[in-house]
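Trainee: Next come the chains, spelled out residue by residue.
2 protein chains.
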Amino acid sequence: MHFTSEQRLDDGVVERAFTLGDIPGILWTPVSASAAAPTPLILLGPPPLGLRKAYPRLAARARHAAADGFAAATIELPGSGDRPRRPADEQARAELRRTLEAGEPVGDELIDALILPLVDQAVPEWQAALDALLALPEIGGPVGYSGGVISIGTRLAVVEPRISAAVLFAGSFVPRALFEEARQVTIPLHVLLQWDDEGNDRQAALDLFDAFGSTEKALHANMGGHTGVPQFAGEAAAQFFTRHLKTSDRRATSRR
Amino acid sequence: MHFTSEQRLDDGVVERAFTLGDIPGILWTPVSASAAAPTPLILLGPPPLGLRKAYPRLAARARHAAADGFAAATIELPGSGDRPRRPADEQARAELRRTLEAGEPVGDELIDALILPLVDQAVPEWQAALDALLALPEIGGPVGYSGGVISIGTRLAVVEPRISAAVLFAGSFVPRALFEEARQVTIPLHVLLQWDDEGNDRQAALDLFDAFGSTEKALHANMGGHTGVPQFAGEAAAQFFTRHLKTSDRRATSRR
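For the protein sequence lines, the chains are A and B, in the order given. Numbering follows the numbering used here, with no gaps: position 55 of the first sequence is 55. Numbering follows the numbering used here, with no gaps: position 55 of the second sequence is 311.
No lab work stands behind these hints: they were computed from the structure. Each hint should be verified, as a subset may be incorrect.
Residues from chain A that face chain B, not an exhaustive set, calculated with beta carbons under 8 Å [claimed, not checked]:
| id | residue |
| --- | --- |
| 1 | R8 |
| 2 | D11 |
| 3 | V14 |
| 4 | R16 |
| 5 | F18 |
| 6 | T215 |
| 7 | A218 |
| 8 | H220 |
| 9 | A221 |
| 10 | N222 |
| 11 | V229 |
| 12 | A236 |
Distance condition first, Cα-Cα at most 20 Å in a straight line; then the derived SDA-like pairs of lysine to any residue [what the hints assert, rightly or not]:
| id | chain 1 | residue 1 | chain 2 | residue 2 |
| --- | --- | --- | --- | --- |
| 13 | B | K309 | B | P294 |
| 14 | B | K309 | A | P230 |
| 15 | B | K309 | A | E235 |
| 16 | A | K246 | B | F488 |
| 17 | B | K309 | A | G81 |
| 18 | A | K246 | B | Q487 |
| 19 | B | K502 | A | E6 |
| 20 | B | K309 | B | A293 |
| 21 | A | K246 | B | R319 |
| 22 | B | K502 | A | K246 |
| 23 | B | K309 | B | E491 |
| 24 | A | K246 | B | D278 |
| 25 | A | K246 | B | A489 |
Taking CB as the label site, the calculated pair distances span [what the hints assert, rightly or not]:
| id | chain 1 | residue 1 | chain 2 | residue 2 | range |
| --- | --- | --- | --- | --- | --- |
| 26 | B | D364 | A | T215 | 30 to 38 Å |
| 27 | B | V415 | A | G228 | 41 to 49 Å |
| 28 | B | Y311 | A | E198 | 56 to 64 Å |
| 29 | B | G490 | A | H2 | 23 to 31 Å |
| 30 | B | V415 | A | E198 | 39 to 47 Å |
| 31 | A | Q121 | B | E357 | 40 to 48 Å |
| 32 | A | D196 | B | H482 | 27 to 35 Å |
| 33 | A | E198 | B | P417 | 52 to 60 Å |
| 34 | A | E95 | B | D364 | 56 to 64 Å |
| 35 | A | L116 | B | D364 | 53 to 61 Å |
| 36 | B | S290 | A | Q231 | 41 to 49 Å |
Heads up, the beta-carbon is just placed ideally off N, CA and C, and yes, glycines get one too.
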């Protein structure tokens with residue numbers, strides 16, 4: 001992990017760009033974080049449109065996390081941003097465009113081609129990022145994942161024991177195989193669903209929520225399109241992380 | 257409205273039993289409520305098992321509301337508690353028992369017979385209670401409804417303009433006619449669904465949530481049976497009321 005820039009944002013947050021091998025990433029830490037007071041970490045899974053385009057929303061989530069006493073970090077997804085395109089992705093995306101334009105249903109094979117290779121490559125990269133981030137003296141545990149591509153969050157929740165709780169966003173295609181993996185998830189989950197998201201298969205999202213094996217899982221469905229998650233829903237997700245990642249702080253989330 | 261008893265609970269809440277005609281009810285107010293500082297009101301719709309049996313849960317919700325600066329009130333449902341049984345109800349309930357014991361599906365006609373007369377009688381009673389409660393100098397607006405029988409809450413939200421926001425509990429039978437009324441609801445809604453509630457038709461609950469016409473509506477689905485709403489879900493419902501009924505207090509629910 002190699003830091004390439006550092007700036008102090010005006011609300012007491014330090015933003016550092018880094019590379020991990022050839023993968024770009026960003027780390028946000030509250031200025032109060034230090035080896036003497038390491039902070040818990042939230043991994044911010046980005047949407048698959050590249051960190052540059054997603055930056056405003058990611059930075060807003062990171063500042064919110066920092067205000068709650070968390071570090072936050074994200075890395076570029078395979079094939080997104082300036083990372084090399086993968087020919088198989090391009091082919092699957094072209095097929096998706098053709099299918100949607102033709103008004104045809106998106107079949108299981110196409111969903112598999114769009115998502116499974118992405119999950120297979122991204123999950124080990126997030127694990128490597130987690131190794132590097134937890135090696136920093138100012139970062140401690142526990143770790144949460146708050147993610148844009150729900151299949152990546154699902155796989156991570158199964159294979160990565162260092163992740164203690166996850167906020168997942170319903171709204172991307174989910175391969176059938178991931179429904180099976182969902183049954184193996186046991187960590188507390190907070191799932192956000194935009195009820196009228198035009199690009200989202202609502203029934204698939206409800207089925208996936210049903211499939212998760214966690215004994216504590218909550219579905220919060222709200223109105224508005226894909227990017228229209230209301231502010232109060234963001235607050236509820238933040239409270240979920242505070243409840244699960246800041247054990248010493250639990251009292252603060254009970255009676256006010 | 258005639259008060260029949262008054263006691264001060266140990267956490268600064270005054271509990272008064274009352275009768276409204278022949279309908280028994282309970283009013284809880286924070287001791288700080290007075291004509292000089294009237295409090296907003298939350299109507300607590302009880303489950304149809306009688307106020308005596310439901311008292312512990314209702315009183316807990318009322319104390320929580322009082323701690324947030326709300327008065328809370330409830331009245332006995334028609335045919336519940338010590339109120340006279342209605343022969344048609346008894347017949348419908350016997351038919352329901354027979355149907356469930358035979359493992360048959362509960363048909364639309366039976367659902368209508370179980371719920372529609374209850375809604376038709378209960379809603380004007382709640383409106384009369386609201387008249388009486390808002391005439392008390394220590395009670396002001398706005399008014400929220402937090403209810404046990406979702407069809408009563410739905411009808412009230414349509415016909416009673418003094419109700420500004422509602423928390424509804426999915427989990428009771430809903431007549432087809434109420435789905436039509438749901439489309440006319442426009443106030444902010446917060447709907448709680450116990451995902452694995454054995455007595456609940458989950459799909460009907462999701463369909464009803466979809467039908468509500470409100471532009472702000474949120475569905476919070478949690479694990480656990482009918483009465484197992486987790487504490488954090490109760491907190492989220494309380495925050496919903498604070499956001500909508502205590503306008504001067506809005507800042508307190510945004511960034512912490």
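Trainee: Answer holds if the nearest beta-carbon of chain B is closer than 8 Å to that of A:R8; otherwise answer violated.
Mentor: The hint is violated - A:R8 has no Cβ within 8 Å of chain B, the shortest such distance being about 20 Å.
Trainee: In this structure, is the beta-carbon distance linking A:D196 and B:H482 contained in 27 to 35 Å?
Mentor: With Cβ atoms ~28 Å apart, the hint holds.
Trainee: Holds or violated: A:V14 as interface residue toward chain B, Cβ cutoff 8 Å?
Mentor: violated (20 Å)
Trainee: Hinted pair, alpha-carbon criterion (20 Å max): A:K246, B:R319. Please report holds or violated.
Mentor: violated (27 Å)
Trainee: Just to be careful, I want the Cα atoms of A:K246 and B:Q487 compared with a cutoff of 20 Å; is the pair within it?
Mentor: holds (17 Å)
Trainee: Can the restraint linking B:K309 and B:E491 be considered satisfied, given a maximum Cα separation of 20 Å?
Mentor: violated (23 Å)
Trainee: Mind checking the alpha carbons of B:K309 and A:G81 for me, to see if they're no more than 20 Å apart?
Mentor: Distance of about 60 Å is beyond 20 Å: violated.
Trainee: Range first: 23 to 31 Å. Now tell me if the beta carbons of B:G490 and A:H2 are that far apart.
Mentor: violated (47 Å)
Trainee: Please verify whether B:K502 and A:E6 have alpha carbons no more than 20 Å apart.
Mentor: violated (42 Å)
Trainee: Would the hint linking B:K309 and A:P230 be met if the CA-CA limit is 20 Å?
Mentor: violated (38 Å)
Trainee: Holds or violated: is there a CB of chain B closer than 8 Å to the CB of A:V229?
Mentor: Violated, about 11 Å.
Trainee: Once the shortest beta carbon distance from A:F18 to chain B is found, is it less than 8 Å?
Mentor: violated (28 Å)
Of the numbered hints given earlier, the model fails hints 1, 2, 3, 4, 5, 11, 13, 14, 15, 17, 19, 20, 21, 22, 23, 24, 27, 28, 29, 30, 31, 33, 34, 35 and 36; all others are met.
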